[in-house]
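Work the whole structure out from these sequences, hints included.
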Amino acid sequence: MMLARALLRRHSVLPGFDLALGFAVLYVSLIVLVPLSAAFLKTFTLTWPQFVDAVTSPRVMASYRLTFGASFAAALLNAVFGLLVAWVLVRYRFPGQRLVDALVDLPFALPTAVAGIALTAIYAKNGWIGQWLPFKVSFSPLGVFVALVFIGLPFVVRTVQPVLEDVNRELEEAAATLGANRWQTVSKVVFPIVMPALLTGFALAFARALGEYGSVIFIAGNMPMISEITPLLIITKLEQYDYGGATAIAVVMLVTSFVMLLVINMLQAWARKRQGGV
Amino acid sequence: MSAAKRRSTEEPAWVRRLLIGGALAFLSFFLFVPLATVFYEAFKKGADVYLAAIVEPDALSAVKLTLIAALVSVPLNLVFGIAAAWCIAKFDFRGKSLLLTLIDLPFSVSPVIAGLIYVLVFGLQGWCGEWLRDHDLKIIFAVPGIVLATVFVTFPFVARELIPLMQAQGIEQEEAARVLGASGWQIFWRVTLPNVKWALLYGVILCNARAMGEFGAVSVVSGHIRGQTNTMPLHIEILYNEYQFAAAFAVSSLLAGLALVTLVLKYAVEQRVKASMKVNHEH
Numbered sequence: 022m023m024l025a026r027a028l029l030r031r032h033s034v035l036p037g038f039d040l041a042l043g044f045a046v047l048y049v050s051l052i053v054l055v056p057l058s059a060a061f062l063k064t065f066t067l068t069w070p071q072f073v074d075a076v077t078s079p080r081v082m083a084s085y086r087l088t089f090g091a092s093f094a095a096a097l098l099n100a101v102f103g104l105l106v107a108w109v110l111v112r113y114r115f116p117g118q119r120l121v122d123a124l125v126d127l128p129f130a131l132p133t134a135v136a137g138i139a140l141t142a143i144y145a146k147n148g149w150i151g152q153w154l155p156f157k158v159s160f161s162p163l164g165v166f167v168a169l170v171f172i173g174l175p176f177v178v179r180t181v182q183p184v185l186e187d188v189n190r191e192l193e194e195a196a197a198t199l200g201a202n203r204w205q206t207v208s209k210v211v212f213p214i215v216m217p218a219l220l221t222g223f224a225l226a227f228a229r230a231l232g233e234y235g236s237v238i239f240i241a242g243n244m245p246m247i248s249e250i251t252p253l254l255i256i257t258k259l260e261q262y263d264y265g266g267a268t269a270i271a272v273v274m275l276v277t278s279f280v281m282l283l284v285i286n287m288l289q290a291w292a293r294k295r296q297g298g299v
Numbered sequence: 104m105s106a107a108k109r110r111s112t113e114e115p116a117w118v119r120r121l122l123i124g125g126a127l128a129f130l131s132f133f134l135f136v137p138l139a140t141v142f143y144e145a146f147k148k149g150a151d152v153y154l155a156a157i158v159e160p161d162a163l164s165a166v167k168l169t170l171i172a173a174l175v176s177v178p179l180n181l182v183f184g185i186a187a188a189w190c191i192a193k194f195d196f197r198g199k200s201l202l203l204t205l206i207d208l209p210f211s212v213s214p215v216i217a218g219l220i221y222v223l224v225f226g227l228q229g230w231c232g233e234w235l236r237d238h239d240l241k242i243i244f245a246v247p248g249i250v251l252a253t254v255f256v257t258f259p260f261v262a263r264e265l266i267p268l269m270q271a272q273g274i275e276q277e278e279a280a281r282v283l284g285a286s287g288w289q290i291f292w293r294v295t296l297p298n299v300k301w302a303l304l305y306g307v308i309l310c311n312a313r314a315m316g317e318f319g320a321v322s323v324v325s326g327h328i329r330g331q332t333n334t335m336p337l338h339i340e341i342l343y344n345e346y347q348f349a350a351a352f353a354v355s356s357l358l359a360g361l362a363l364v365t366l367v368l369k370y371a372v373e374q375r376v377k378a379s380m381k382v383n384h385e386h
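Those sequence lines, one after another, are chains A and B. Note that this note's numbering gives residue 296 to position 275 of the first sequence, counting from 1, and the numbers run on in steps of one. Note that this note's numbering gives residue 142 to position 39 of the second sequence, counting from 1, and the numbers run on in steps of one.
Quick caveat, the hints were computed from the structure, so don't treat them as lab data.
Straight-line C-alpha distance at most 16 Å; calculated EDC-like pairs for lysine to aspartate or glutamate:
| id | chain 1 | residue 1 | chain 2 | residue 2 |
| --- | --- | --- | --- | --- |
| 1 | B | K377 | A | E186 |
| 2 | B | K199 | A | D39 |
| 3 | B | K300 | B | E373 |
Take a look at the structure:
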């Protein structure tokens, strides 16, 4: 109680600070902090060479390449088409627009396992889309990419959309009055305004894709060295009771996540500053 | 707007049509077709097969476990969200940004790792493993583990919706109530809660959707015991791996239906939140 009061920067007449903070801190500690620290502490049971071995074996390296590569490519495709979707939703009117707008959030609401089996069925050799494609998608690294595009889809749209809505149309009119053609106006006036939000959306989609498991394992085929993602390797090691190895890989993933979190926070601060300035 | 002005600040019709077409094509490949597939595959073999897959005992026990996980994790995270939002939005204290970062943390952790960390704490080789075994308690490969993993992955939802709104609303109304002699609980129930009810509902809806659909984290701690520790997503995986595609999609269609209901509610509540934000800005 005294401790909570001591943290207060300014006296407040409102009650409930001790209770609320006490409960929040206790809950965060029990659910998040203590279990997460278990992962870091567990790695200390390994010697340094054991740790390095566990996180750099060829099979693990192959999984990093696939996970990072497919996540990056998927986030990139989402950046391009997410911007397009946000633009179309904000600037144009077409039949069914509100339905489309609401459905963009589907990947947030649809369980990943359901998305996984649906995408696998469509992109399989005899699937609705797969049968028209000359190359294999389901059960190949390309399938990983498709699943990651699906789960990352809302991030770019939902970060760019509000910024695009707030763009002052008078700026565009001013550019046009000064003789800019439409493409110049969009690329030199509108695009720089949405750029921070676009990058934030890209980073969010990328970060989400790195850890994704449910939708990917159905469509990937999970062949070692070829289409095995890093989270799956953690599970594989766990099933072999190799807790140390599983945790070592998990720690690498966790550190990556923390770095991404930092990057995203910096991007968001930049975006806020930019938006405040416009 | 004159025709000349429109020309200079809008795209020609053919460009507009092309962009709309491109956006819809992209969404079709990655969104609309997958959603339609779930229902198509579920009913492909007829209503009998569909119904049989859903009323089968293992499926029903999976539904039950999914409901239990959601019924425990949503209220817990709701209470936490309110407590965290109350101290973060209404008070100024040291370590606030640290607490905010910690709240966001579960979103950036892979679900697989969320499961793993509980195995490390409660598993047989984990910190509490021996103590739990001696007292005949089971957390990992049992229902409590599934609930814990669900709590972890749905942890930030309510807090994240409440905090920005409550920060924007400030503390003037609460202070006024206090000066007029209201107690803490009275302030909360009569002033704060009515102001944030839509955002609260929004957070609960998202939290519930994730709780019922979580796969990765739950998969690690479940042990996949049929009829006992299988949630609906895990049941789908088993059916799918046994090539019972129609049954897998039938159970999937229930979750897809839930996702659609979630989206509708989300959309409705979003409009309310926007309206309440606007009212607030005008103050």
